[in-house]
Amino acid sequence: MLEGASSRRILGIWLRVLALDRWRLGEGLAEGEGADAHPLALIAETAHGPRIAAANAAGLTAGAQEGMMLADARTLCPDLTVVPSDPAGDLAFLEKLAGWALRWGPWSALDPPDGLLVDVTGVAHLFGGEAALLADARRAFARRRLANRMAIAPTAGAAWALAHHGPDGAILREGDDPVQRLSSLPVAALRLDGDVLTVLRRLGLKRLGDLDAVARDALVRRFRNRRSASGNPLMRMDQLLGRVPEPLLPVLVAHAPLVQRRLLEPIRHLALLEQVVRDLSADMERVLEGRGEGARRLELGLWKVDGELVVRKVEMAAPSRAAAHLAGLFARRIEDVDAGFGIEMVRLRAPWCEPLDLAQGDLEHAGEEGEARGTSLAACVDRLTVRLGAEAVRRPVPFASHMPERAQRWQEPLAPLKTSQVTSDFKIRPLKMLDKPEPISVIYETPDGLPRRFRWRGATHDVLRSEGPERIAPEWWRERGAVRLRDYYRIEDATGRRYWIYRCGVVGDGRGGVPAWFLQGVFG
Amino acid sequence: MTSHPSLSLPTAAELGATRLGEQQGARWAPGQAGETTAHGEIFASGDEGAGAALALALALDRQQARAPDPLADTPDMRMWLWVQDRKALARSGRPYRAGLPESLRDRLIHVAVKSPEDALFALEEGLRCRDLAFVIGEISGNPRALDMTASRRLGLAAERHGVPFWLVRLDARRDLSSARMRWEVASAPSLAPRWNVQAPGAPSWQAQLFRARRHPPGQWLLRGDGRLVAETGGAAPELQNTLAHAKEGGGA
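Respectively, the protein sequence lines represent chains A and B.
Okay, so the first sequence: first residue is 1 according to my numbering, each after it adds one.
Okay, so the second sequence: first residue is 1001 according to my numbering, each after it adds one.
The set of hints was computed from the structure by calculation and includes no laboratory data.
Where a beta carbon is used, it is the ideal one built from N, C-alpha and C, also for glycine.
Hints are all accurate, no fakes.
One-sided and incomplete, this derived list gives chain A residues near chain B with beta-carbon spacing under 10 Å:
#	residue
1	ARG383
2	ALA392
3	ARG394
4	ALA407
5	ASP435
6	ARG457
7	SER466
8	ARG490
9	ALA494
Here are the computed distance ranges between Cβ atoms for each label pair:
#	chain 1	residue 1	chain 2	residue 2	range
10	A	GLU467	B	THR1149	42 to 50 Å
11	B	GLU1231	A	ARG453	24 to 32 Å
12	B	GLN1032	A	LEU272	48 to 56 Å
13	A	ARG297	B	MET1148	34 to 42 Å
14	B	MET1077	A	GLY340	48 to 56 Å
15	A	THR446	B	LEU1156	48 to 56 Å
16	A	GLU467	B	PRO1101	16 to 24 Å
17	B	PRO1075	A	ASP136	45 to 53 Å
18	B	GLU1102	A	GLN275	46 to 54 Å
Go ahead and model the full structure; you've got the sequences and the hints to work with.
Written out as structure tokens, the structure is:
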């Protein structure tokens, strides 16, 4: 857990005057424009009468302060305009912002009343580094006319502290010592309740560094009755330094479909496990059917009695929820599971799902068994992939390159083809290419350099017909400078065998000795 | 590689099949839709591309012959499967997209497997798939796994699901098999192209059908340039001998 916490990167965002910014947005005013040029306060109704929740710049100059009774502020500044505040609206707005802030990371959480936390672990490179990410986020918030302060740190606590009390745009890097970097921040950076802050101030503890100076035992004793994190500076300090985890609730939660079986008796035999997997697949099919989805990736977790957890993953070429198919895919993957003392719980989870509508059953073959109908292409590819590996089942796609071996790449069989403008269809290419061009030894050659007779794989071939050369120059933007050009020839030997051979380099190109000949392709 | 077919005497079984074939069916010719199930075996050398090329040509020929079906208003654009075991891949190379027939280029699913057992598994999975246009397998030599039982299994799967299937046997001897048509193929000198007589022409193959259920055995000079064309007249002298031999065998 600690390792996980230390390697995280959290972006803390503090919207300094969220309520006022929101009021200005609602009125369509820029800062200091129109009604905002005069003293103005947002007020909240309390048990003791209206109290100021926020005041604008002119209001602050005139003496109105946050938390002040409205009556007191009126005495200081009689022409103070008053607008009711809207905390519920602010929170709803913040929630929308949290969804919007997902553009900087896969996961974001609310930090009420006026903050956001975004998990930016491992995404900074998409923006060109953490500093650039921060700048991008600040620009985006500024464009929405929201005053903000931000920081990136390994923990939510540190990010909050730096955003509120640190230098603007601070980044606490992985290697930095948080104790030292944060020691000069005020204790208010610990997200504590007001009364606790008062206690600390009275104790003379003003900076985070001061807390470290005091013996920990003394602080533990002083705050022994404070159970909640916001009342206990030590707990907050540990959260800030990542010593204890701080759970955060993400705004958008994706619930992966999940089914499980707790087994009365731990199972140790494959046949029983297969039955359990079949049952789980049937459950999963029902769950997915209800959601109108099909699984692309499935994780099977096997909890063993001795505390071990075995996980098996399966990926599918196309979304599917057919129980028989899912169970069939796992049947091959669970063969090698060591059950040990037994498996007590099995759980099937579908972390990656895609929409899959309900389909009309096949009327034509309704009466037949599933076997007789044949499998679908996706199911066939899945089965092949599970047994043979993803590397074994592929399809060739064109690639923009002149080099024949580079002009073809391989991708997953059912992934969509990229559109391409590679149009070398007029060139005649062999049906098959050898993975590695094989050298041929020229026995004697014609005056223009083409072999007349050559030896390949122990057999002699007489070249009767030929066409060429097709000169393919090395791709200097991909290769080293010393690579030689190739002259390709299509040849046919006396028995009609057709090959694609090339000479690597020409005499006197200054890139090596006598050019060698290779056989690269076989025509049909 | 077996000895050349013309040098070995036809076996009793072959002769029997010949007579039966003559009674049952006409001589094979390209462009016939043929029987509903296609399960062929093609013996070829691993040093040339004739085996796979003939399999593709036969598959296309079958597809073109079937096209006039009034119900088939759209061309068959299903994917097709090409399974190669490791030896076959190393010996004869990997499919090259730009060299495939144009209508098949974008539809290939290639499966490269390590052992013949895996190849048989992949072939059977492919044959049981209703969304495949046809399946081509390429297996090198005579592995133990590919016996009569395995061949029959594949044949049954192809028959049951109606997926045409050609198995290319590289450098293999003719062992027992349940294939409905068994070919032996080698490259043949091509005709000179019209514009450049020095250049290799359209692919030509010298193909021998040595076992078939519906057709008498025979020998053809096949030319494949878009369409499969059979020529027997222009056969090389060596081929003429073979043909004569086959006729003797057929009349005996």
